[in-house]
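Here is how the chains run, residue by residue.
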Amino acid sequence: MLIIGECINASNRTVAEAIARRDREFIEGITKTQVEAGADFIDVNVGAGQGTQGQAIEGMEWLVKTVQAVTDKPLTIDSDVPGIIEAALRSYRGETVMINSVTAEPERLESIGPLAARHKALLVALAMGSEGIPDTVERRLETCETILTRLTSMGMSAEQIYFDPLVLPISVDSRQGLVTLKTIERIKARYPAAKTVMGLSNISFGLPSRKLVNRAFLLMAAYAGLDAAILDPRDDKAMSLVRISDMLIGKDALCKGYIKAYRQGKIVD
Amino acid sequence: MSEDIIAALKENVIQGRKTIADEGIDEALSGKPGVVELTQSALDNNIPLETIIAQGLTAGMQVVGEKFATKEYFIPDMLASAEAVGAAMEILKPLLEASNIETKGKFVIATVKGDIHDIGKNIVAILLKGAGYEVDDLGVDVPTEKIVEVVRESKPQFLGLSALLTTTMLVMKEVVEALKKSGIRDKVKVLIGGAAVSDEYAREIGADAYCTDGFHAINVLDAFQKSGVQ
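Protein chains in written order, with my numbering: chain A, 820 to 1088; chain B, 111 to 340.
No wet-lab data here; the hints were simulated from the structure. One thing to keep in mind: the hints can contain errors.
What the hints assert, rightly or not - Taking lysine to any residue pairs in the SDA-like style, the calculated list, with each CA pair at most 25 Å apart, reads:
1) 177/B x 899/A
2) 181/B x 950/A
3) 265/B x 329/B
4) 177/B x 211/B
5) 223/B x 899/A
6) 223/B x 953/A
7) 177/B x 1077/A
8) 297/B x 211/B
9) 256/B x 950/A
Isolated chain B, as found in the complex (with noise of 0.2 Å):
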């Protein structure tokens, strides 16, 4: 029973079905319960919140990441299935908040200075909440002073940092070194994304990492948490 509430769980987020009133790709699915109704179900069937977060929901967003790398799946596809997995998170968040499982980690994110941007932005904080990641989005045209100082008092462990243009992008070696001059650039690990960058910016400028969407950025923390980011 539990392991079909899971599967089902699983498939439903691949479908991008957040509820039973949606379509999903395979038309068999038609009807059935969607992502808020099986976690309501496995809760109902005590399941343990890990059990349906790391089986059901984080697999199944696995697997939406790999058939948009692969472009199986497009855009919208996959805001589906992260829509699905917010609604989840939103269920599950009163229940996460009384135990003491902790999230992965906090993640700032910003788009920078100048730069009015937010697609990637929030596509990327929409994936990463659904990962698991506890998210603050500080918005577009946030001032580097602004970044330093919720880095400094809100200790996060990772700072992502946004921007499209090529005159926006030098920016962010701005807030790289406005943090190393805070003295806390070694408490946060800085990951940066847009079009205009490159793995050969983040080096340029002293990040820890350029991602080329928010696969890659779930991707990367997933290998600096498996390295032991504290």
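Same shape as in the complex, but just chain A (with noise of 0.2 Å):
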């Protein structure tokens, strides 16, 4: 599984004090560690709501340059302004990038599309449309649908594209679960190849013992078909389940990656 290293956030106060401040040591410590814990794309995001958005452009391109200062893995550039995506490639360097994120709403499809387009950008695809997250699988596939006609029209291709099922909490609706597994079940069955990516943490919202109920989706989304996932790569109870559902569902010959991690150290009970 492809690991999505997601503590560069501006939602959480701490990065958006230091993104502010351009503490530069900060955001080295926590790209490394990530990188360090087996992250395979590093997320990127400045915000938006604070301050005007020549701020938050700035804010990116000096994000990208200090993340990519410190390591040579790919960046996922997390954001829904176009002017503050451009920013960040433009910012970028390196073959290999990924933009988080495009929704079957028309303004973002045709603004969003064309960059991840002309960058030739992997492209996270969220199964919502303008009236927000359908409650049913049918819904969230009608929606994948329509994003996938209008990117393939605009000469990407089904393996550019990763689609996040979306997860709402199973403490407001228990059937939750189970609408987000199935629609990663029936994406994979329905274009074999698009890839699909979500966040684990949203499924526990409210609830207590949140990091156990994540980990224990994690594992059923696995091997419901998850191709990404977007978490915290510290979390080394989660990477190494992800290493272990890895093993369990044939995605690791002769289970290398699972004995190379231990003897790593890296496998924690």
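Using the hints, put the two standalone chains together into the complex.
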């Protein structure tokens, strides 16, 4: 499973403050720990609400340069504002890049789609449209169809698209775990070349022992066909389960990845 | 007898038992009447509506709010209690309408333009209904003009605005400005909530209060009532 490290996100106040005061050391540190923990991509998010868009753009340019100074891992540019994404791509060096995210909403599809196509970027596509997050599998699939049709007409291939089935809190609606899992299954069955990705933490909102709930859901999602997870790679138990799930569903020939991780002390009970 | 029914009603609200078939937190209640049955027997015993609501339902939800605040209760616990109270209010509604008892006030709630997150808003709406407010939920992605129009036409005492995103929280300011421009800002108390906003932001945009969750909103509204909002 591909791991997208989620820790550099301005919705976390400490991170937002570090970005605001251009704290290079802080960002370098949080980048390195995520890479060492096994992140394949580093997500970068500067938020948008505080200050002007110009400030957000400057923040994003600084962040991209700062993170790339200490790692060769590709970045996930996390924004729904085309101007901020463009600024990040301008500052970016390297072939592989991921944009997070687009939806089936026409204005986002028509602004972010062409950007991703032009830069040959991987693109996270949320299974939702203008009416919000559909609460059924069928309607989430319809939004995926809309997105895929439009993006391929812009010259993107299914391989570049990472569909996010979306996760709603199980505490509010007890059917939502299955809705997400079945959406993953159906996406993989319908578009075998396309990828799937999701964030883990939403499922456990409003419940006790959240990390344990997240980890259990990760295993189920892996079986349903999840290709990538957005998580905190510093959670060594979650990372152990990522490696174990790869092994258990036949993605780890001769269990090499698992044993290697074990020898490195990365499998934590 | 009456005291017993009201005490049981309050306890079953706390336990989140809507009907006789529901499990509570305390297993000893299993198989005993739930909120729906107790509300009906309260009516059969001629207990006044005010007593049923204030000392049974609202008093129970008050305890639920306290337990939620101290993290003894989680969201599903709270929703079970709120649903039970909602079911009781459905039974009482025709009687309330026939009587002269007024609701605590009209509360219009909406997720602002550009934002489609509704989980928090829905929970707040459920809790406010349970607390005796008449709630008009305008839904998500509600245009500013629409909000202003509803405030002008249906004259609620309270307006609740929700936004999850750092981008869409800016729309709350637009709504406050639009209310000012229409000359109706002083007719309604504006409450804001959502992950991105804060007390500080409420002050900055000229809203009347920031609420961390539905129970907080109930307390804020009660404080407004005491200070005499018309």
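Here is how each hint holds up against the structure:
1. Distance check on the hinted pair: residue 177/B and residue 899/A sit about 38 Å apart at the alpha-carbon level, beyond 25 Å; violated.
2. For the hint linking residue 181/B to residue 950/A, the alpha-carbon distance of about 33 Å lies beyond 25 Å, and the restraint is violated.
3. At roughly 22 Å between alpha-carbon atoms, residue 265/B and residue 329/B fall within 25 Å of each other, so this suggested pair holds.
4. Simply put, residue 177/B and residue 211/B have alpha-carbon atoms about 29 Å apart, too far for the 25 Å limit, and the pair is violated.
5. Among the hinted pairs, residue 223/B with residue 899/A is consistent with the structure: their alpha-carbon atoms are about 16 Å apart, no more than 25 Å.
6. Between residue 223/B and residue 953/A the alpha-carbon distance is near 18 Å, which keeps this suggested pair within the 25 Å criterion.
7. About 43 Å separates the Cα atoms of residue 177/B and residue 1077/A, which puts this hinted pair outside 25 Å; it is violated.
8. Note on residue 297/B and residue 211/B: the hinted pairing holds, with a Cα-Cα distance of about 23 Å set against a maximum of 25 Å.
9. Of the supplied pair hints, the one linking residue 256/B and residue 950/A holds, its CA atoms being roughly 17 Å apart against a limit of 25 Å.
Violated hints, listed in ascending order, are 1, 2, 4 and 7; each of the other numbered hints is respected by the structure.
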